[in-house]
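Got chain R; can you put chain D on it based on the hints?
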Amino acid sequence: GEQVEQRPPHLSVREGDSAVIICTYTDPNSYYFFWYKQEPGAGLQLLMKVFSSTEINEGQGFTVLLNKKDKQLSLNLTAAHPGDSAVYFCAADTNAYKVIFGKGTHLHVLP
Amino acid sequence: VTLLEQNPRWRLVPRGQAVNLRCILKNSQYPWMSWYQQDLQKQLQWLFTLRSPGDKEVKSLPGADYLATRVTDTELRLQVANMSQGRTLYCTCSAERGLGGLQDTQYFGPGTRLLVL
Numbered sequence: 001g002e003q004v005e006q007r008p009p010h011l012s013v014r015e016g017d018s019a020v021i022i023c024t025y026t027d028p029n030s031y032y033f034f035w036y037k038q039e040p041g042a043g044l045q046l047l048m049k050v051f052s053s054t055e056i057n058e059g060q061g062f063t064v065l066l067n068k069k070d071k072q073l074s075l076n077l078t079a080a081h082p083g084d085s086a087v088y089f090c091a092a093d094t095n096a097y098k099v100i101f102g103k104g105t106h107l108h109v110l111p
Numbered sequence: 112v113t114l115l116e117q118n119p120r121w122r123l124v125p126r127g128q129a130v131n132l133r134c135i136l137k138n139s140q141y142p143w144m145s146w147y148q149q150d151l152q153k154q155l156q157w158l159f160t161l162r163s164p165g166d167k168e169v170k171s172l173p174g175a176d177y178l179a180t181r182v183t184d185t186e187l188r189l190q191v192a193n194m195s196q197g198r199t200l201y202c203t204c205s206a207e208r209g210l211g212g213l214q215d216t217q218y219f220g221p222g223t224r225l226l227v228l
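Taken in sequence, the protein lines are chains R and D.
In terms of my numbering, the first sequence opens at residue 1 and continues consecutively.
In terms of my numbering, the second sequence opens at residue 112 and continues consecutively.
Here chain D stands alone, though its shape is the one from the complex:
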C-alpha cells in the first residue's frame, strides 16, 4: 500500500524559476511529514518536519531555497526556488516525531526529481 503520493514526479526547472511540489498522505496514522533532499551525488539531507496545518518553515541550502507548508492534515507542500543544481526531493511520513531524525515507522515517498535547464 502506498502511503505517500508525490507530484510531480519530475520537472525541468528553468534557472531562476520556482517550482511547487506536493505530497499527499494516504494514511493518517503517520501524521509527521517531512522533506528530505538528495543531491546529484546521492547525499541525503533532512530539510523539514511539519505536523500541523498552517506550519511553515524556510531554509536555504547550497543550490536551492526552500519554503515548506503543511497545508492540511494530508497535504505537505514545498516550494523550491533559486535552484542551481538538480536534486530529488523526498516526502516522508512517520507515526512519531523526528526533527531531522529517522523513525522506524518512517516511510519515504517515491520522490520528485528536479533538473535545472
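Next comes chain R alone, as it looks inside the complex:
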C-alpha cells in the first residue's frame, strides 16, 4: 500500500542550529501534504498545509520544501529553539481523501 517514510526518528540539535526532517512518499497522486507538531501530552497542531503545486513554503521560523520529482517533503527549522522540541509528523493526502502519516520525528533542541 501507499507509504510515507519519515526520517530521522530522533533528532537532537543545539539552540540556533537548523533541524531538517524529511518525508518520502510513494503515491504520485498525493495532492496535499501536511506538517504537524505534537508537544508532550498534547494533540496535533497544524504547522502547514502544502499543495502539490507549490515547491517552497515559508512559515514562521521554518521552510517546507516539496520535491515532486523525488517525492520528498522536508521541514527545515532554520534556527531551532527549545520551544521547538516536540514530535513532528508529516502526512500525505491523495485526492481520494486518504491520508497517510509518517511515523514521526522526536526533535530535541538543547539550550
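These are computed hints drawn from the structure, not numbers from a lab.
Predicted model, so just to flag it, every value in this text is computed and none were measured.
In this text, a Cβ means the ideal position worked out from N, Cα and C, and glycines have one as well.
Among the clues, some could well be false.
Pairs of lysine-lysine residues, derived as DSS-like cross-links and limited to a Cα-Cα distance of at most 27 angstroms, are as follows [stated by the list, open to error]:
id: 1; chain 1: R; residue 1: 37; chain 2: D; residue 2: 167
id: 2; chain 1: D; residue 1: 167; chain 2: R; residue 2: 98
id: 3; chain 1: R; residue 1: 71; chain 2: D; residue 2: 153
id: 4; chain 1: D; residue 1: 153; chain 2: R; residue 2: 98
id: 5; chain 1: R; residue 1: 49; chain 2: D; residue 2: 153
id: 6; chain 1: R; residue 1: 49; chain 2: D; residue 2: 137
id: 7; chain 1: D; residue 1: 170; chain 2: R; residue 2: 103
id: 8; chain 1: R; residue 1: 68; chain 2: R; residue 2: 98
id: 9; chain 1: R; residue 1: 37; chain 2: D; residue 2: 153
id: 10; chain 1: R; residue 1: 71; chain 2: D; residue 2: 137
id: 11; chain 1: R; residue 1: 98; chain 2: D; residue 2: 170
A few chain R residues that face chain D, going by a derived Cβ cut-off under 8 angstroms, partial list only [as the list claims (entries may be wrong)]:
id: 12; residue: 2
id: 13; residue: 43
id: 14; residue: 51
id: 15; residue: 103
Below, chain D without anything else, positioned relative to chain R:
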C-alpha cells in the same frame, strides 16, 4: 479557545472490557468530526468521519474494535472494544469534509489515552 473537549482524558481498561469515549464540539463552524488513533509507536491513523446526528460506523483494526456515533451536532462518541494494545484516540473537527483526509481548518482535541490492564 478550545474547540474540542474529550473525556475521559485517560482510562485503564481491563482486558475484554469496552470503554466509551466522548467528544464535545464547542464551535459549530467546524461540524465535520472525526476520530483518529495513535498507537504506542506513535503511528497515526484515521478511523471515522461523521457529520450528521444518527450517523454510525464500525471498524476493526489490529488491537481494537470501534463503533463511532454522531449523537448530536455537538457530540461524537466512540466505543472501543476488544482492545489488546494501548492507544490514544483523538477527536478532530473541521469546516470541510475529509474522509481520511486532513483539512487546513481541522483541529485536534487533546486526546484520550487508553491503557490495557
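- Item | Numbers of unmet hints, in rising order | 1, 10, 12 and 14
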